[in-house]
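Please model the entire structure based on the sequences and the hints provided.
Residue numbers (our numbering), protein chains in the order written: chain R, 16 to 366; chain Y, 16 to 366; chain C, 16 to 366; chain B, 16 to 366.
Hints in this document: simulated from the structure, not taken from any laboratory.
No incorrect hints appear here.
Label pairs and their in silico Cβ distance ranges:
id	chain 1	residue 1	chain 2	residue 2	range
1	C	D180	B	E337	57 to 67 Å
2	B	S200	C	G320	42 to 52 Å
3	C	V331	B	R234	42 to 52 Å
4	C	G39	B	R317	22 to 32 Å
5	C	D180	R	Q358	40 to 50 Å
6	C	G142	Y	L336	52 to 62 Å
7	C	N233	B	R317	31 to 41 Å
8	C	G320	R	R330	40 to 50 Å
9	Y	G232	B	L328	32 to 42 Å
10	B	G320	C	E203	44 to 54 Å
11	B	R64	C	D180	53 to 63 Å
12	C	G142	Y	S318	52 to 62 Å
13	R	Q358	Y	E49	21 to 31 Å
14	B	Q358	C	S200	43 to 53 Å
Don't be surprised by glycine CBs; every beta carbon is placed ideally from N, CA and C.
Number of protein chains: 4
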Amino acid sequence: MHFASDNWAGAHPSIAESLVRHAGGFAQAYGTSELDRRVEQRFAEIFERECEVFFVGTGTAANALSLTAFNKAGGVAFCHREAHVIEDECGAPEFFLGGSRLHGVDGPDGKITPENLQKAIARFPAGFVHSGRPMGVTITQATEIGTVHSLDELDAISAVCREHDLPLHMDGARFANALVSLDVSPAEMTWKRGVDMVSFGGTKNGCWCAEAIIIFGNRFTGELPYIRKRGAQLFSKTRFIAAQFEAYLEDDLWLKTARQANAMTTRLAQVFEQAPGARLAWQPQANEIFAILNDTTAERLRSAGAVFAPWKLPRVTDVVLEQNEQLYRFVTSFASTDDHVDQVQRLLTNA
Amino acid sequence: MHFASDNWAGAHPSIAESLVRHAGGFAQAYGTSELDRRVEQRFAEIFERECEVFFVGTGTAANALSLTAFNKAGGVAFCHREAHVIEDECGAPEFFLGGSRLHGVDGPDGKITPENLQKAIARFPAGFVHSGRPMGVTITQATEIGTVHSLDELDAISAVCREHDLPLHMDGARFANALVSLDVSPAEMTWKRGVDMVSFGGTKNGCWCAEAIIIFGNRFTGELPYIRKRGAQLFSKTRFIAAQFEAYLEDDLWLKTARQANAMTTRLAQVFEQAPGARLAWQPQANEIFAILNDTTAERLRSAGAVFAPWKLPRVTDVVLEQNEQLYRFVTSFASTDDHVDQVQRLLTNA
Amino acid sequence: MHFASDNWAGAHPSIAESLVRHAGGFAQAYGTSELDRRVEQRFAEIFERECEVFFVGTGTAANALSLTAFNKAGGVAFCHREAHVIEDECGAPEFFLGGSRLHGVDGPDGKITPENLQKAIARFPAGFVHSGRPMGVTITQATEIGTVHSLDELDAISAVCREHDLPLHMDGARFANALVSLDVSPAEMTWKRGVDMVSFGGTKNGCWCAEAIIIFGNRFTGELPYIRKRGAQLFSKTRFIAAQFEAYLEDDLWLKTARQANAMTTRLAQVFEQAPGARLAWQPQANEIFAILNDTTAERLRSAGAVFAPWKLPRVTDVVLEQNEQLYRFVTSFASTDDHVDQVQRLLTNA
Amino acid sequence: MHFASDNWAGAHPSIAESLVRHAGGFAQAYGTSELDRRVEQRFAEIFERECEVFFVGTGTAANALSLTAFNKAGGVAFCHREAHVIEDECGAPEFFLGGSRLHGVDGPDGKITPENLQKAIARFPAGFVHSGRPMGVTITQATEIGTVHSLDELDAISAVCREHDLPLHMDGARFANALVSLDVSPAEMTWKRGVDMVSFGGTKNGCWCAEAIIIFGNRFTGELPYIRKRGAQLFSKTRFIAAQFEAYLEDDLWLKTARQANAMTTRLAQVFEQAPGARLAWQPQANEIFAILNDTTAERLRSAGAVFAPWKLPRVTDVVLEQNEQLYRFVTSFASTDDHVDQVQRLLTNA
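So, in structure tokens, the structure goes:
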């Protein structure tokens, strides 16, 4: 019953196998091998559009380097106030941006609202050097609290970006989970909505360490090769990242693993909805559940070996906790099984 | 006949196997799993001393983050003028150092001389803010040109560092190759010589991507966890780096792979010494050969499928090239075989 | 009727005179002249304690460099959400901090409350690298909205800092205005309250460009000379900054100019309190008035040549604006006169 | 007999007077006053071309911010190996460049040769991310060792820059001294030679602190306002810098003060040429003399109160010092007088 995080799971067997398959022989280093090229081309097919692809090692790197591509002196990038980039990356984006800032924008359900985004941008009047200047927007899909932006919501945010000529970045650490939740194509969830660049995460969904920066169009690509190398993210044996992605993208493995993770979340959410001593803080849409458990319930799960973590309430929320309650996060992954959920169900039902 | 670089080789089968072995199940993320702990402990055994161990993904990261640990405003780190940190990392160290500088010091055989180091340090008088101030020294073992610092040479450099209270960092991208070349223990080549921190490279010697920053004593360790996370080098599924190192360090695998690489260099060097149209620029001591080939010889190798790269002459050198000659680098690795060398031998002998 | 800002005023005649007096002859450069030494000593007298003094050219520099002195990787400095450092310096602090972050804390009257500060610090649990770590606190005295921290309020904030071992910095761009408002000694408003370092501003209060970083104790001083030089703030002819401060601090000139500025604010505030179509947004305590004017009143003042600026409402405030009202800022300085205030009074009374 | 540096001199009386003249009244802050505008326009007249003008407070700021305007990830700016930017600014350029590097190029007489520049650029092959990439060139006029680039020399360096599409920056800390030495117009020494941007120094030539970044064309100007503010170099009361420049540029004051400084150097150089125990290391062309004195001579001057500093020999030089000799620098300024020179002459002649 491991629900601590999707990065507690290991690698999917097919991905491990691909790694081994590409372990032998010699291949060009630093992103120039045939396999690297082939997988980059595969991304173009999946996104139905030419795109630039830059493999990096961590999600933090994908985010930080992406934002760096549109960096400006005195620049400000807008994100949700509880976004991973601003809350959980130890200032890596600001570090790679050389001190440019992230500006948190509020909004319910882990999503910035277009209105709040407009207001936030308005705090930086054009040409007023003292406040600095807007340089881009980054959103998280699926969000930090397990919700998913609808296509309409993406359009609305994107429209604000276009109005102010701000590039739009999508932190897709859980890209696949959002995608199968919306049941749309990668193109529909990204550049057709006006998204300019994506941190495409594979790690949480079955890879070991496979993250890619995907850039549509060519506004930012000239800088990225240097930004990546200077950022210590150009791996010498890049073929191993490519090998992970090759297996990940083959025969829709990535969609299957994401569907499994999401399905287990759906089942587990039902368990919490029906069990005494448990309720959902809000409706999960991907592979994360935020559940409110009373102390007895939480203790029962924990004693039985369930692994899950207490979580901070969002700063803007309708959720009210009773005295003996606490918010917890449960994350499912490709490695979560019906058996895990059944165990929880048994524990809560037989209470 | 692949001699382009040791990072063109894949992963050693034992290491690939270890990866697969650790692919399943759940484990704590971000460097806190049992395997992480166990492997860190293994390093302490190997170095015969308590040490702090920080896994990172690339050699550039290991170097840049190591140097950051002793960073100072206006600081200057001394390295050989042709060192990898100053020549081949796209400014990553200076970037991570926030603009602190690397200062190239000359010396024959890819090694800074104690005299030149003293002179270089003397250019930064204490308290004279205009020039900045010395903050550390970094050397490469084995060096960029395939030579190896002897224990005496390490002592001599280290003595200068102590005199000026400068931490000494060793870029050990080819640590194992140097170690087996000197036939000493890891402790003897590092902290017993006054080395304070090591970029311990596994990638070039049979891992996929496994680098570790090893810190002796505790002068710098408090900062590293934050520097690593902020530097986007804290992998979520760190157990996979740990898994590589576990296999790497087991049963002296790392020494065996390094011995194989060095042995192939020794054999290939003999071939060049005896073949017409070829000569050694200088004596190799680890797993890199710098050979001077005339154009006919080079072309013959290339036509037969040998992969190797033309190389820049060091700025300080006795080597003189004839008009139809060029300097080339040949690198051997754990994956190099007698057969590769035999092929070169046949090609050069039957000229 | 110039109320746009205290930095629209020129230099006080005594300060201009001092500049001229020190214009001739030769003197050591880069902060080492006798005059530099003498003025530094004068600061020690004024603060009744040995302190380190670093002259810089702008208030932004004083703040940014001060914070740099206690910079840490992944570090977070807490400030009021509407503080100058976070709102009006174009990201200079974050730039000089190499990407370390400012974290806005709410509180009424332009002051962070100890409770909110505790909560904010609690969001960064010790050792949890993902969120980063607290490294210091900075407050503004007088605040951005013209209020002044009482000694008790300073004590309360300082107590939280001590509890978490966080250095406390005071942005004293309007230090003198706060001091004469509280009618206490510099020591009582700073180190006796637990303040570790001050951006001591002279510019807004009658100097041309004279700012000093004052550091009590010696925790941070070793770095500052290098941080200042590297930050391009070590002036060659520092004696000219020293000359300004010499006149500024002589015969309590700085207190007199501040008293004049504050007195004019007090008088002008009374005018607004009594005039129809005008009211105070909150009670001014130093040399800034935030007044709510209806459009007719604002237009009348503007037509008559009064210079003042519309202002953003604080994000946390009880102030409610009517439809035809707007918030405005009026700043007085040493150069403000009774005549300026009388003119406003006449304009508003004869409405 | 003050020859320590031109920044030991104070301010020219006309400049001090201008400061006082502009000390009263109110004026717009942050570079937007009428005086600011007027003086910016004056620069356009002087350079016979529209140009963008950014006042800053120190020469280090002028250089560092200028270079930042053409900064690139992994970028390398070429300068003479002994240039002020690389030797005497405590790493400020690299700091403001976020870690981009300065690459020293050798050449006699304090000037990089076009051949050496070509060679240096060639070390950074296009698209080879490991080494980084050229991003600009900076030269010093007059040079650090008191020589002056001829127009032909400027053309030759500029041609290399054009070939590689590299912006050319001129560090003009002693711009006026070079200009009157060459006896050409500002336009002829800058943009007509292909110079894209100038650090125009007033401080060493009679101002207190007045430096300007002058940019020809508009390739870099959009960024500078933000770079300057973020760099803590946007002074609130900018009119005071403008006031200095107004007097500096009026009635050719700046050329007169430079001519006086250069003339005193010419006279003093003759003294050294004729005196026993003294000789010139090389021929001075502006306002700095590098003289070799034997110990007796040096001691005689020093005992008589002359102020001057021992100097490091350039790393590439023909100069050979005898055992009892030492290299010294003597700098003259607008404040140097015939009397100073006469005293030296008497001391050396009556030896």
